[in-house]
Amino acid sequence: MSTIPLPVALFAAAQAMGFLLLAPLLRGLIKKMKAAFQLRQGPRLLQPYSDLAKLLRKEPVRSTTASWVFVAGPRVYFASALAATTLVPAVLAAAPLEQAGGILLLVGLLALGRFALATAALDTGSPFGGMGASREMTVGALAEPALMLALFTAGLSAGTLNLGELVRRTAERGTSIHPSELLAAAALFIVLLAEAGRVPVDNPATHLELTMIHEAMLLEYSGADLALVEWASAVKELLFMTLLAGLFLPIGVATSLAPEALAISALALAAKVGGLALLVVLVESTNAKLRFFRVPELMAVALGLGFLALAMRFF
Amino acid sequence: MIHDFVVLCAAGMLVSVLLMVGQKALVVAIRLYCVQSLLLGAVGIALGLAQHRPHLLVTAALTIVLKAVLIPWFLLRVIDRVGIRREIEPYVNVPASLLLCLGLTVVGYRVSLGMAGASQGVAHQVVGVALSMVLIGLFLMVARRKAITQILALLTVENAVFLVAVGATSGMPLVVELGISFDVILAVLVLGVLVHRIVDRFESMDTSRLSNLRG
Chain F
0 MSTIPLPVAL FAAAQAMGFL LLAPLLRGLI KKMKAAFQLR QGPRLLQPYS
50 DLAKLLRKEP VRSTTASWVF VAGPRVYFAS ALAATTLVPA VLAAAPLEQA
100 GGILLLVGLL ALGRFALATA ALDTGSPFGG MGASREMTVG ALAEPALMLA
150 LFTAGLSAGT LNLGELVRRT AERGTSIHPS ELLAAAALFI VLLAEAGRVP
200 VDNPATHLEL TMIHEAMLLE YSGADLALVE WASAVKELLF MTLLAGLFLP
250 IGVATSLAPE ALAISALALA AKVGGLALLV VLVESTNAKL RFFRVPELMA
300 VALGLGFLAL AMRFF
Chain R
0 MIHDFVVLCA AGMLVSVLLM VGQKALVVAI RLYCVQSLLL GAVGIALGLA
50 QHRPHLLVTA ALTIVLKAVL IPWFLLRVID RVGIRREIEP YVNVPASLLL
100 CLGLTVVGYR VSLGMAGASQ GVAHQVVGVA LSMVLIGLFL MVARRKAITQ
150 ILALLTVENA VFLVAVGATS GMPLVVELGI SFDVILAVLV LGVLVHRIVD
200 RFESMDTSRL SNLRG
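Those protein sequence lines, which keep their order, are chains F and R. For the first sequence, numbering that gives the first Met the number 0 begins at 0 and goes up steadily by one. For the second sequence, numbering that gives the first Met the number 0 begins at 0 and goes up steadily by one.
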């Protein structure tokens with residue numbers, strides 16, 4: 000086992016910190032835009048930070064029947080989301096820990112987080128926890144293959160499974176659009192909606208336990224534990240948007256460490272993520288939440304698009 | 000650059016058709032058709048500007064006005080009047096029809112490879128997408144029960160043919176295009192009236208009930 004050289008460690012830490020610090024802002028931005036669509040004022044942009052700060056100060060209350068699994072759940076979820084951020088190229092056309100692995104490791108880390116949270120939700124024996132876990136795994140089992148197919152399509156066109164290498168090659172090759180890329184991007188967008196618990200799949204603002212998917216797993220959590228889960232979910236959402244922007248819209252990505260290139264790249268990334276957030280808000284505002292048994296149909300669309308994208312690569 | 004844009008729009012049209020297959024709400028299907036027509040219009044405008052073919056601009060403008068505004072508005076009004084909002088039980092359920100449509104797309108692409116002059120470059124992508132759209136449109140026409148969905152499927156096929164005419168050939172004469180546009184609007188009007196009549200008589204938009212009329 001070799002030790003990680005210092006610049007890589009610094010880069011990884013900086014990128015993880017960036018994701019951590021900016022993720023709540025994305026949540027706030029989406030809430031604000033959604034409120035604007037409904038002609039409300041909405042909470043202020045920085046409200047998610049205040050919520051997190053409040054929750055982190057509170058003492059978590061745990062059920063007497065809860066075991067260590069319940070305590071470990073949020074921590075593993077948070078850690079896996081944070082680790083996943085170091086595998087994705089964001090501002091620079093390189094991922095900090097790209098030596099460690101590519102697409103498969105990323106999908107694996109996300110699955111690990113989901114597994115930890117679902118087992119933790121089952122641990123207290125609360126019926127809602129079990130229900131939420133079962134639903135989350137159902138959606139996850141359908142979203143994961145769609146995610147992999149979409150990522151593989153991008154990987155196939157660049158000839159590598161390493162995300163950093165992939166973005167570099169795409170940026171080098173310049174614009175030469177193949178229809179499969181749009182299909183894969185559409186599939187990835189549907190997966191994003193499912194993974195972030197957005198409206199056609201799940202409603203993040205609901206207070207009705209029977210319709211919850213992600214939230215139902217969190218009903219037993221409070222205080223710092225809850226803050227960790229919320230924070231990790233926000234990071235995951237930002238991660239998916241960065242991934243979508245990086246793989247399918249590699250415009251303006253910095254390939255060198257020159258300050259002006261980095262500044263342009265950061266601005267471009269912010270614009271792309273903002274655009275995606277607007278798209279999510281549009282979908283959320285114009286669609287009703289699907290009945291749970293119709294969610295598989297939506298995920299089948301994502302799976303179909305992903306499969307087709309991959310198949311079209313061979314023609 | 001211009002080729003990329005055309006391919007992107009064509010791919011967008013394919014995505015819109017697949018999404019149309021993937022859900023059941025009639026309003027969403029109409030909106031998807033609207034998006035699809037807008038993309039077709041964008042292809043027309045882009046090619047018209049890039050290759051200095053002014054009559055393509057007229058075609059594109061006509062496409063956008065008729066197919067992205069007028070027809071969707073008319074169809075939305077029809078479903079508003081008759082109060083039927085979704086496809087309840089298609090003959091083929093959604094996951095199965097998606098699978099079939101994937102197969103059809105692959106077939107469309109494969110067939111386009113065999114066409115002279117359409118085996119590479121932009122023409123290949125455009126013809127491949129258009130053939131797939133024709134096949135999926137025909138499939139939707141037989142797999143769905145509601146008259147509105149069948150009309151939308153027919154219009155999708157028409158859009159696909161138009162895409163080939165604009166994107167892969169040097170275009171049809173303006174007179175022909177005008178004629179087709181009026182045909183389409185007339186067909187939609189007649190079909191709209193037909194939907195009203197079907198709903199009046201059977202209190203449903205289900206076209207399978209039409210066979211009740213057999214003596």
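Treat the hints as calculated values from the structure; they're not laboratory data. Just so you know, these numbers come straight off a predicted model, no measurement behind them. A portion of the hints provided could be inaccurate.
[Unchecked claim] Okay, derived cross-link-like pairs now, DSS-like style, lysine-lysine, Cα gap no bigger than 27 Å in a straight line:
| no. | chain 1 | residue 1 | chain 2 | residue 2 |
| --- | --- | --- | --- | --- |
| 1 | F | 288 | R | 23 |
| 2 | F | 53 | F | 30 |
| 3 | F | 53 | R | 23 |
| 4 | F | 30 | F | 57 |
| 5 | F | 31 | F | 57 |
| 6 | F | 33 | F | 53 |
[As the list claims (entries may be wrong)] Across the chosen pairs, the derived CB separations fall in these ranges:
| no. | chain 1 | residue 1 | chain 2 | residue 2 | range |
| --- | --- | --- | --- | --- | --- |
| 7 | F | 13 | R | 171 | 55 to 61 Å |
| 8 | F | 172 | R | 69 | 20 to 26 Å |
| 9 | F | 250 | R | 178 | 37 to 43 Å |
| 10 | R | 92 | F | 118 | 46 to 52 Å |
| 11 | F | 98 | R | 0 | 34 to 40 Å |
| 12 | R | 69 | F | 285 | 17 to 23 Å |
| 13 | F | 42 | R | 110 | 53 to 59 Å |
[As the list claims (entries may be wrong)] Not everything, but these chain R residues come out facing chain F in the computed CB check (under 8 Å):
| no. | residue |
| --- | --- |
| 14 | 18 |
| 15 | 91 |
| 16 | 97 |
| 17 | 101 |
| 18 | 106 |
| 19 | 198 |
Cβ coordinates follow ideal geometry from the N, Cα and C atoms, glycine included.
That 17 to 23 Å hint for residue 69(R) and residue 285(F) (C-beta), does it hold up?
At roughly 21 Å between Cβ atoms, residue 285(F) and residue 69(R) fall inside 17 to 23 Å, so the hint holds.
Taking 27 Å as the top limit, are the C-alpha atoms of residue 30(F) and residue 57(F) close enough?
24 Å, holds
Are residue 288(F) and residue 23(R) close enough, with their CA atoms no more than 27 Å apart?
Given that 27 Å is the threshold and the Cα spacing comes to 14 Å, the pair holds.
Using the beta carbons of residue 92(R) and residue 118(F), state whether their distance is inside 46 to 52 Å or not.
Since the Cβ atoms of residue 92(R) and residue 118(F) sit about 33 Å apart, the hinted range of 46 to 52 Å is violated.
Does residue 91(R) pass the interface check with chain F, least Cβ-Cβ distance below 8 Å?
13 Å, violated
Between residue 33(F) and residue 53(F), does the CA-CA distance stay at or below 27 Å?
Holds - the C-alpha atoms of residue 53(F) and residue 33(F) are around 24 Å apart, at most 27 Å.
Given pair status - residue 23(R), residue 53(F), alpha carbons within 27 Å:
Since the Cα atoms of residue 53(F) and residue 23(R) sit roughly 43 Å apart, the hinted pair is violated (cutoff 27 Å).
Distance restraint between residue 31(F) and residue 57(F), which requires alpha-carbon spacing of 27 Å or less
26 Å, holds
Quick check on residue 18(R) please, does its C-beta sit within 8 Å of some C-beta on chain F?
It holds, given that the least Cβ distance between residue 18(R) and chain F is near 6 Å, below 8 Å.
Would the pair residue 53(F) and residue 30(F) pass a check requiring their Cα atoms to be no farther apart than 27 Å?
Answer holds: residue 53(F) to residue 30(F) is near 19 Å, not above 27 Å.
Report holds or violated for the interface hint on residue 106(R), using the least CB-CB distance to chain F and a cut-off of 8 Å.
Check failed: Cβ of residue 106(R) comes no nearer than 11 Å to chain F, outside 8 Å.
Is the hint on residue 198(R) kept, meaning its closest Cβ partner in chain F is under 8 Å away?
The hint is violated - residue 198(R) has no Cβ within 8 Å of chain F, the shortest such distance being about 24 Å.
Hint compliance for this structure: hints 3, 8, 10, 15, 18, 19 are broken, all remaining hints hold.
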